Amino acid sequence: MTPTPPVVLVFTANDPSGGAGVVADVLTLSSLGCHVLPVITAITVQDTNGVQEFQAIDAEQIDEQARFILEDIRIDAIKVGMVGSVENLAVIAEIASDYPEVPLVLDAQLMVQHQDDLDSEEIAGAMRDLLIPHSTIITPDVRSARMLASDDPDEQSDLPLDVAAQRLLALGCEYVLITGSQDSSSKTGNTLYSSNGRMRNDSWARLPGRFHGAGTTLSAALVGALANGADMNTAVQEAQEYTQQTLANAYRPGMGLLVPDRLFWARPAEEGDTAAATPQ
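Residue numbers (our numbering): 1 to 280.
No lab work stands behind these hints: they were computed from the structure.
Heads up, a few of these hints could be off.
Said to hold, decoys possible - Derived DEER-like restraints, expressed as beta-carbon distance ranges:
1. Phe68 / Thr4: 14 to 22 Å
2. Glu155 / Arg267: 27 to 35 Å
3. Asn196 / Pro16: 19 to 27 Å
4. Ala269 / Gln55: 37 to 45 Å
5. Arg206 / Gln237: 12 to 20 Å
6. Arg267 / Asp98: 27 to 35 Å
7. Ser195 / Asp151: 19 to 27 Å
Nothing here was measured: the structure is a model prediction, and the numbers come from that model.
We put the CB at the ideal spot given by N, CA and C, even for glycine.
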């Protein structure tokens, strides 16, 4: 019998475009050799241009989906994406509290969680109180990091990212990876923090075009690396390298944004093309 690959429990929404959500998580984690247990938290109406509406799954069904499969299969890591509602977030936090030894990656991009600023503030408060304390690492973009670190709109816009990161760490997570900072017009940066301060700061070439699912890909690749046994520093490096490759090989399936190619390594390489290579 073939050994079981690393198993990742994923809480996220269904995105019919395949750019983000459960499809993106399954493609990314499968590409990195993991077996995925997807628990659907919401159904969205969206395309590659954006979200039109969504419907959260009932919190009781979230609990039943997860706990039933957890009685059958041992997990190596947990990823939390779009939760759909505060009630769902509370249920997920309660489940996570039963598995303190399992690394949990929280994809804390608030504009992904909800399109409405008021709803985002409600989700942010619940994340601070309930889910961040159970997270090994959270991966907010710059705006989300500031919103999570402060509930004062006047402070958020000018809050230094180093300060925001330390406030988030004080909530109970072990690491914070703030993504998408502006290093220059041609580069974007991601910074990893721990209680000791900055652990690493990585700059990446800003690729042409706009992408749907880049943050999802990064957080999924990160949890995949952790599930495979990497330490945090290595996992962050490998996740960034993989994500950059998916963006360099992105395609446009519709009339909207580009979608990262999580299976870039499986495509036939064109002569002289060095971008498509088996992920490390």
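Please list, smallest to largest, the hint numbers that this structure does not respect.
Going through the list in order, the structure violates hints 2, 3, 6 and respects the others.
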